[in-house]
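There are 2 protein chains.
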Amino acid sequence: MLKVTQQPDVISFGGGLPAPELFPTSEIAESTARVMERVGPAALQYSVTEGIPEMRSWVAQRLSSRFNRTIAPEEVLVVNGSQQGLDLLGKVFIDPGDHIVLENPSYLGAIQAFDAYEARYLTVDTDEHGMLADSLERVLDRADPFPKFLYLIPNFQNPTGRTLAAQRREQIVRICERYDLPIIEDDPYVELRFEGDVLAPLSSYAKRGGVIYLGTGSKVVAPGLRVAWLVIPDEETREKVVLAKQGADLHSGTITQYVFHDYASTPAFEEHIRQIVHTYRRRRDVMHDALREYAPASVEFNRPQGGMFLWARVPGLDTTQLLRVCTRERVVFVPGESFYPARDVRDGMRLNFSNASEERIRTGIQRLAKAIAEA
Amino acid sequence: MLKVTQQPDVISFGGGLPAPELFPTSEIAESTARVMERVGPAALQYSVTEGIPEMRSWVAQRLSSRFNRTIAPEEVLVVNGSQQGLDLLGKVFIDPGDHIVLENPSYLGAIQAFDAYEARYLTVDTDEHGMLADSLERVLDRADPFPKFLYLIPNFQNPTGRTLAAQRREQIVRICERYDLPIIEDDPYVELRFEGDVLAPLSSYAKRGGVIYLGTGSKVVAPGLRVAWLVIPDEETREKVVLAKQGADLHSGTITQYVFHDYASTPAFEEHIRQIVHTYRRRRDVMHDALREYAPASVEFNRPQGGMFLWARVPGLDTTQLLRVCTRERVVFVPGESFYPARDVRDGMRLNFSNASEERIRTGIQRLAKAIAEA
Numbered sequence: 001m002l003k004v005t006q007q008p009d010v011i012s013f014g015g016g017l018p019a020p021e022l023f024p025t026s027e028i029a030e031s032t033a034r035v036m037e038r039v040g041p042a043a044l045q046y047s048v049t050e051g052i053p054e055m056r057s058w059v060a061q062r063l064s065s066r067f068n069r070t071i072a073p074e075e076v077l078v079v080n081g082s083q084q085g086l087d088l089l090g091k092v093f094i095d096p097g098d099h100i101v102l103e104n105p106s107y108l109g110a111i112q113a114f115d116a117y118e119a120r121y122l123t124v125d126t127d128e129h130g131m132l133a134d135s136l137e138r139v140l141d142r143a144d145p146f147p148k149f150l151y152l153i154p155n156f157q158n159p160t161g162r163t164l165a166a167q168r169r170e171q172i173v174r175i176c177e178r179y180d181l182p183i184i185e186d187d188p189y190v191e192l193r194f195e196g197d198v199l200a201p202l203s204s205y206a207k208r209g210g211v212i213y214l215g216t217g218s219k220v221v222a223p224g225l226r227v228a229w230l231v232i233p234d235e236e237t238r239e240k241v242v243l244a245k246q247g248a249d250l251h252s253g254t255i256t257q258y259v260f261h262d263y264a265s266t267p268a269f270e271e272h273i274r275q276i277v278h279t280y281r282r283r284r285d286v287m288h289d290a291l292r293e294y295a296p297a298s299v300e301f302n303r304p305q306g307g308m309f310l311w312a313r314v315p316g317l318d319t320t321q322l323l324r325v326c327t328r329e330r331v332v333f334v335p336g337e338s339f340y341p342a343r344d345v346r347d348g349m350r351l352n353f354s355n356a357s358e359e360r361i362r363t364g365i366q367r368l369a370k371a372i373a374e375a
Numbered sequence: 376m377l378k379v380t381q382q383p384d385v386i387s388f389g390g391g392l393p394a395p396e397l398f399p400t401s402e403i404a405e406s407t408a409r410v411m412e413r414v415g416p417a418a419l420q421y422s423v424t425e426g427i428p429e430m431r432s433w434v435a436q437r438l439s440s441r442f443n444r445t446i447a448p449e450e451v452l453v454v455n456g457s458q459q460g461l462d463l464l465g466k467v468f469i470d471p472g473d474h475i476v477l478e479n480p481s482y483l484g485a486i487q488a489f490d491a492y493e494a495r496y497l498t499v500d501t502d503e504h505g506m507l508a509d510s511l512e513r514v515l516d517r518a519d520p521f522p523k524f525l526y527l528i529p530n531f532q533n534p535t536g537r538t539l540a541a542q543r544r545e546q547i548v549r550i551c552e553r554y555d556l557p558i559i560e561d562d563p564y565v566e567l568r569f570e571g572d573v574l575a576p577l578s579s580y581a582k583r584g585g586v587i588y589l590g591t592g593s594k595v596v597a598p599g600l601r602v603a604w605l606v607i608p609d610e611e612t613r614e615k616v617v618l619a620k621q622g623a624d625l626h627s628g629t630i631t632q633y634v635f636h637d638y639a640s641t642p643a644f645e646e647h648i649r650q651i652v653h654t655y656r657r658r659r660d661v662m663h664d665a666l667r668e669y670a671p672a673s674v675e676f677n678r679p680q681g682g683m684f685l686w687a688r689v690p691g692l693d694t695t696q697l698l699r700v701c702t703r704e705r706v707v708f709v710p711g712e713s714f715y716p717a718r719d720v721r722d723g724m725r726l727n728f729s730n731a732s733e734e735r736i737r738t739g740i741q742r743l744a745k746a747i748a749e750a
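As you go down the protein sequences, you meet chains A and B in turn.
Residue numbers for the first sequence, in our numbering: 1 to 375.
Residue numbers for the second sequence, in our numbering: 376 to 750.
The shape of chain A in the complex, shown without the other chains (with noise of 0.2 Å):
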């Protein structure tokens, strides 16, 4: 699939890939340059295994706004990417069989990461609106065992783009907490809203430290950089994960976390969010319009207010057999099944419009309702 995608002829949507033509390169370059002038050795030396300072402050500072509290730097832990935390989250809190509680359908990466550690899923209805407050209840009541945590995406989700409701998101925090259940909150999105209110998060509903919150770099700067961040309230959670990430590598990247921070800390940083923000709208509007004008009247597809996806179902179509269709047209996407984990729900699809220009979209989109209907 990867070498069909890497055709330049084929026009992929299936990949999670941040619009390359976007990257700050020459940015990136200046600010290596200022902190090689200004930091020196340390931004090349072994650092602490928690992340430097000013990125933990960094993080501190932009998130205890929307956190509606003032977060320690302490309770900051920056890893080598969104996937890692999902590692050392997976190591600290699995073990072989456990349970645990996932949106359904849910981010492939982080079955994955869990898959690792053997653990078993527990799946909860969702809506267009996200999570059921009243399913997860239910889910709780029967569980036995008792799961290890739950793990959601509260923005734009992938893989449907959907976005959870504003008050399910108390609902939840307040069940979790009856519960005594931990709850992962994964946002990498949160930056790319397109229209609509900024949502706070589950993390600022919780009393107790109940709530682990993941952020990265990856959607803003770029993926490249591998700096993402965890707030662990905690403290001893967060002790478990730092033994963690002290055995898994030691530490992450000093000098692409000084690069980081120098460059977020710039004016041009904001500007570079908006920009991704107005391109990736641009095309949200591409995919969504072509997909009215040319898919067949059955096919059910939403129109996301951020993120990178757009999720889309085909009554009555396999769309893993559907892909075999669409390779020949020169088109590809993510069959919804793998991002189930009972496998059990085979008429999705995840659509990508942040890597492809609006016009390769709108042909993509073209050819794949030509699939559809050959199909």
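Take these hints with a grain of salt, some might be off.
Straight-line distance between alpha carbons at most 20 Å, and here's what the computed EDC-like set of lysine to aspartate or glutamate pairs gives [said to hold, decoys possible]:
no.	chain 1	residue 1	chain 2	residue 2
1	A	K207	A	E235
2	B	K615	A	E118
3	A	K240	B	E493
Just so you have them, the derived chain B footprint on chain A, three or more residues with Cβ under 8 Å [to be verified]:
no.	region
4	105 to 117
5	185 to 194
Just so you know, these hints were derived from the structure itself, not from any lab.
All C-beta atoms, glycine included, are put in the ideal place defined by N, C-alpha and C.
Chain A is fixed; fit chain B onto it per the hints.
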């Protein structure tokens, strides 16, 4: 201890840090500018789990002459520092309770990585020339359950600075081949040879693909880049490690791989290694001479042919106790105890000579000698 070490009047022989004043800071800034110009956005994008092709080819080429065979780039995997290599190998090979074989004493970071997977340890005796082949044979002959692999550092070992003798290398490979026991050859210090002949790695004696090799850029360029590599000849093992890394952090930093590769392709790189070797050799000499001049006659110490550590023993003294006296005298080291899995040898100490100036090394050894005399 870390807090004590960070006080400027404390002389530390405790860490394993390269000399930061030698880091090529301006060259790294220049390489970054070149990479941003030449490679552009691809250097900031997600990249493949195995590592960028340029790095894999570079490692394959650099090691082929030492390995005495042509290494294929496909055998090479890029990781976030050797520590991640050890962690991934632990993840792939070790189930809770599994036995693995170590030199006695052995590298603490490896023990910590394997501890996370609940390994148990069989230890092989060593002398000034490294692991004793007949001791290894005895250990393997008696082993029940049979161990999963043998881990060792052949050159300028951490903590002892010892180098495994040439003739023992082939012996050990043959013994392990006979028992079908994989070897993990961790070789971070190979480029830091001050004198004597370069010895062929164990990998060069392997008839089948039974030796996994770890190398790193941390000692020859800078640890803060987190660029290291594995050579895994066996395809099945390699695929497992790739899967483990995919779940652990998707891939290593894209930009840092490109920057490392760019810098390592300039003539400045070889010159830089010569400079490091020159500086560390002098520091080794200063430490060795100062020990001869100031240490009580009972203290035994070696004169490693390379690397970053000298090993000393103070017969009859518990060096963990000695460290307390030393802290008052404003000098620190790592007590040997923690390098012995059974924690049954208490008179050793690891003395790092790469990170302090010649003057501070002399002063530090004087203080250490005073503390030994007191204790």
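Going back to the hint list, which numbers does this structure go against? Per hint list: single violation, 5.
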